[in-house]
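Line by line, the protein sequences give chains L and Z.
Using this note's numbering, the first residue of the first sequence is number 1, and each one after it goes up by one.
Using this note's numbering, the first residue of the second sequence is number 1, and each one after it goes up by one.
Worth double-checking, as some hints may not be accurate.
As the list claims (entries may be wrong) - With a cut-off of at most 35 Å between alpha-carbon atoms, the simulated DSBU-like pairs for lysine-lysine come out as follows:
#, chain 1, residue 1, chain 2, residue 2
1, L, K191, Z, K84
2, L, K191, Z, K89
3, L, K203, Z, K89
4, Z, K89, Z, K200
5, L, K386, L, K316
6, Z, K84, L, K203
7, Z, K5, Z, K246
8, Z, K38, L, K203
9, L, K203, L, K238
10, L, K203, Z, K200
11, L, K203, Z, K10
12, Z, K252, Z, K33
13, Z, K195, L, K203
14, L, K264, L, K320
15, Z, K84, L, K251
16, L, K203, Z, K197
17, L, K246, L, K316
18, Z, K268, Z, K164
19, Z, K195, Z, K227
Claimed, not checked - Covered stretches of chain L, as calculated for chain Z (at least 3 residues, CB under 8 Å):
#, segment
20, 27 to 39
21, 74 to 86
22, 89 to 101
23, 218 to 225
Hints are computed from structural coordinates only; laboratory data are not their basis.
Here a beta-carbon is modelled for each residue, glycine too, at the ideal position from N, C-alpha and C.
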Amino acid sequence: MTNQNIVSSREFLNGDEAVAYGARLCRPNVVSVYPITPQTIVVEKISEFVANNSMDCEYVHVESEHSAMAAAMGASMVGARAFTATSSQGLAYMHEMLHYVSGSRFPIVMMNANRTLAAPWNIFGDQRDSMAQRDTGWIQVYVENGQESLDMIIQAYRLAEHEGIYLPVMVNLDGFVNTHTYELVSIPSQKEVDEFLPAFASKNAVDFNNPRSYCMSASTEWNMEFRYQQHEAMMNAKKVIESVDKEFGDKFGRYHGGMVKEYKCDDAEVVLVTTGSVSGTSRLVVDSMREKGLKVGLVKLRFFRPFPVEYFKGLKSRVKAVGVIDRNLSFGYEGAVGSEVKSAMYDSCGSPKVIDFIAGIAGRDIKKKDIELMYNKLLNLSKGQKEEELQFIGMRW
Amino acid sequence: MIKMKDLTDKEYLYGHKACPGCGMGIVGRLATKVLGEKTIIALPASCMSTVTTQYPQMNYSVPSMTMAFPGTGAVLSGMSAGLKSLGVKDVNVIGFAGDGGTADIGIQALSGAVERGDDFIYVCYDNEAYMNTGIQRSGMTPYGATTTTTPSGTASIGEKHFKKNMFEIMIAHRIPYAATACSSYTTDFMNKIEKAKNIKGPAYIHVMAPCPTGWGFPSELTVEIGKMIVECGLWYLAEYENGKVKMNLVPKTLKPVKDYLMAQKRFKHLKDEDIKAIEEHRDSEWELIRENWMK
Ligand SMILES: Cc1ncc(C[n+]2csc(CCOP(=O)(O)OP(=O)(O)O)c2C)c(N)n1
Ligand code: SF4
Ligand SMILES: [Mg+2]
Chain L
1 MTNQNIVSSR EFLNGDEAVA YGARLCRPNV VSVYPITPQT IVVEKISEFV ANNSMDCEYV
61 HVESEHSAMA AAMGASMVGA RAFTATSSQG LAYMHEMLHY VSGSRFPIVM MNANRTLAAP
121 WNIFGDQRDS MAQRDTGWIQ VYVENGQESL DMIIQAYRLA EHEGIYLPVM VNLDGFVNTH
181 TYELVSIPSQ KEVDEFLPAF ASKNAVDFNN PRSYCMSAST EWNMEFRYQQ HEAMMNAKKV
241 IESVDKEFGD KFGRYHGGMV KEYKCDDAEV VLVTTGSVSG TSRLVVDSMR EKGLKVGLVK
301 LRFFRPFPVE YFKGLKSRVK AVGVIDRNLS FGYEGAVGSE VKSAMYDSCG SPKVIDFIAG
361 IAGRDIKKKD IELMYNKLLN LSKGQKEEEL QFIGMRW
Chain Z
1 MIKMKDLTDK EYLYGHKACP GCGMGIVGRL ATKVLGEKTI IALPASCMST VTTQYPQMNY
61 SVPSMTMAFP GTGAVLSGMS AGLKSLGVKD VNVIGFAGDG GTADIGIQAL SGAVERGDDF
121 IYVCYDNEAY MNTGIQRSGM TPYGATTTTT PSGTASIGEK HFKKNMFEIM IAHRIPYAAT
181 ACSSYTTDFM NKIEKAKNIK GPAYIHVMAP CPTGWGFPSE LTVEIGKMIV ECGLWYLAEY
241 ENGKVKMNLV PKTLKPVKDY LMAQKRFKHL KDEDIKAIEE HRDSEWELIR ENWMK
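Same shape as in the complex, but just chain L (with noise of 0.2 Å):
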């Protein structure tokens, strides 16, 4: 194989080629991409890869973002691992794919570089593009840099492929903040990741002795039950994505948090709860009003869905009030993460303190000074002060 002699080192990548990186470290038998920004970095490494015979895969030059899922979900009928590379409009226009994908269960992973929907278009991040899958039955993660976007593809393998879950894998990372900001990453050695991610043993391995439809139709009296598996797929998942970023922590030193990962959360009394690279700003945030000695906290929501449901009503008790940053929106409601936060933390004891602040759409700047607002709201709240539910943050107006 052409990528055997790949050894470990530490090169300056941006986003987009730590992705590209992780993909080849995974031995993907089939790639099938469709250019977009902010995603095309990726498509055109492998590219490269492909083409100075660093990579072995079949490249599928798809003619479409549609036809990019449809031409993974062939070849991982037949067998093969599959992967796949998008963002936004592209998103958006393989969307009946997703839900073929998960519902006949292909274990496909597919990076997605986070970037608003048009109209009015735009070429910047926020999240509303994968926010708006949530329903489609895939696993999705977001990650807050490089080195997490290149740990997570080859993590989400693992996942995908795992024997009680078999479901498709979406890495999201904010476009440009993570596609294009280059930043120090760890690339692992082939041999490493081969221990960790062996050849993919695929349940659908071509076999004419014993032939299998897949994606057929079933009728309302069969229908609910494949459901079922989907939905039991998807909460086995959570388990497993604790053990797995765990042991890749035990073989590769970096631990991600499994679904959520705290900051200063221990004796916080409030927290605000982010999604991929604001993250990083935020904890700058928490340390510099830790300093003033107040007592706040970061939860790093790495997982969508499944949904640490679990964790966010033990987190009920321990906080006074909860801050979420949506970078994207529900027109008509809020945004999708102050949404799932909130309805995790009810229960009979009555409704959480929590603020779900819009930020962040269209790839404005979340400033330090709008977390430190953030964080002073929250505060007011814990001391009975009024807060609206929703707020825009960094509005023109």
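Keeping the supplied structure of chain L fixed, place chain Z with the ligands upon it in accordance with the hints.
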């Protein structure tokens, strides 16, 4: 050359729920008999997938996958790429898509797959409308036909456009092999499948598949109707190979289209002048055929 008597007794499509006399049923059955058990099938949303893959009764006894309506070409590419990368050899990858799944919503994926030169067989069975959803028009519905979305009426003749020519669209791709066929000309069809099987790269077969339910004729007349459409020249049997088109069957004189049309409910409302217009269009098409492909 494959003959009917050489065919295996084995059935690879069995017990399906198509209407009696369905031309598409003949297509699926004969094609898989020629291809044999080392075959993987892709089926987009259509009559074909609906009547063959109702869980738990799977009617193809080879591996198959039902597919999103627009994606047949791409799925075939993926299957073929997957098998190649896994080193699985001598497997036929075939798609059966309807005229709608091919000429309308699936044309982009098909074009991409053919242009990439991936190794597969694509069979478009043409029943000239969206039958699965209840006889709505497609880009392949012939001029004058009544469908549920192009009903004939005081202000409508029915479908207003002539059929799109998928065979020529495939030729424009310089595909290694393309053919037209008809479910009533079984030997011709089977041999085209056999050729497609042995082609490296993409092969496209567009097979006319009369539909008693959608066209409005008695189910015992399927073979007859299929013969009539070829004999009157509204369909033709041809092959494109090595950059050249070969006509497989050229009727000495084309029979009047009227008999073919009037045998079906969907054309019953047509007046003599409409029939004349159809005949004129047929003649101009045949002029092109003679000019371009028969000199
Ligand atoms: C994206 C999408 N749009 C519409 C449909 C509904 N639909 C299913 S089958 C079909 C028509 C199929 O027509 P054709 O390809 O000619 O096959 P036939 O049913 O005639 O065999 C339509 C419109 C669908 N399944 N998916
Ligand atoms: S509607 Fe037509 S194509 Fe569909 S199963 Fe019936 S006869 Fe066959
Ligand atoms: Mg049709």
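Hint check results:
Taken as a hint, the K191 (chain L) and K84 (chain Z) pair is honoured in the structure, with Cα atoms around 24 Å apart against an allowance of 35 Å. Taken as a hint, the K191 (chain L) and K89 (chain Z) pair is honoured in the structure, with Cα atoms around 28 Å apart against an allowance of 35 Å. For the hint pairing K203 (chain L) with K89 (chain Z), the CA-to-CA distance comes to about 19 Å; that is within 35 Å, so the pair holds. For the hint linking K89 (chain Z) to K200 (chain Z), the alpha-carbon distance of about 12 Å falls within 35 Å, and the restraint holds.
With a C-alpha separation of about 19 Å, the suggested pairing of K386 (chain L) with K316 (chain L) holds against the 35 Å cut-off. At roughly 18 Å between alpha-carbon atoms, K84 (chain Z) and K203 (chain L) fall within 35 Å of each other, so this suggested pair holds. Only pairs whose Cα atoms come within 35 Å are accepted, and K5 (chain Z) paired with K246 (chain Z) is accepted, the gap being roughly 26 Å. Restraint check for K38 (chain Z) and K203 (chain L): satisfied, since their Cα atoms lie roughly 18 Å apart, inside the 35 Å limit.
A threshold of 35 Å between alpha carbons decides the hint, and for K203 (chain L) with K238 (chain L) the separation of about 22 Å falls inside it, so the pair holds. About 28 Å separates the Cα atoms of K203 (chain L) and K200 (chain Z), which keeps this hinted pair within 35 Å; it holds. A distance of roughly 27 Å separates the Cα atoms of K203 (chain L) and K10 (chain Z); the hinted pair therefore holds under the 35 Å criterion. Proposed proximity of K252 (chain Z) and K33 (chain Z) is supported: the alpha carbons are some 32 Å apart, at most 35 Å.
As the CA atoms of K195 (chain Z) and K203 (chain L) are separated by approximately 32 Å, the hinted pair is consistent with the 35 Å bound. At roughly 15 Å between alpha-carbon atoms, K264 (chain L) and K320 (chain L) fall within 35 Å of each other, so this suggested pair holds. Distance restraint check for K84 (chain Z) and K251 (chain L): the Cα-Cα separation of roughly 33 Å lies within the 35 Å cut-off, and the hinted pair is therefore satisfied. Proximity of K203 (chain L) to K197 (chain Z) is assessed by CA-CA distance (about 27 Å); at most 35 Å being required, the pair is judged to hold.
With a CA separation close to 26 Å, the supplied pair K246 (chain L) and K316 (chain L) stays within the 35 Å bound. Of the pairs offered as hints, the one joining K268 (chain Z) and K164 (chain Z) holds, with about 22 Å between alpha carbons and a cut-off of 35 Å not exceeded. A distance of roughly 22 Å separates the Cα atoms of K195 (chain Z) and K227 (chain Z); the hinted pair therefore holds under the 35 Å criterion. Only when three residues or more bring their CB closer than 8 Å to a CB of chain Z does the claim for the segment 27 to 39 of chain L stand; here the count is 3, and the claim holds.
Against chain Z, the segment 74 to 86 of chain L contributes 8 residues with a C-beta closer than 8 Å to a partner C-beta. That satisfies the three-residue criterion, and the hint holds. Counting residues of the segment 89 to 101 of chain L whose CB lies closer than 8 Å to any CB of chain Z gives 3, which reaches the minimum of 3, so the coverage claim holds. With a threshold of 8 Å between beta carbons, the proposed coverage of the segment 218 to 225 of chain L by chain Z holds, since 3 of its residues qualify and at least three are required.
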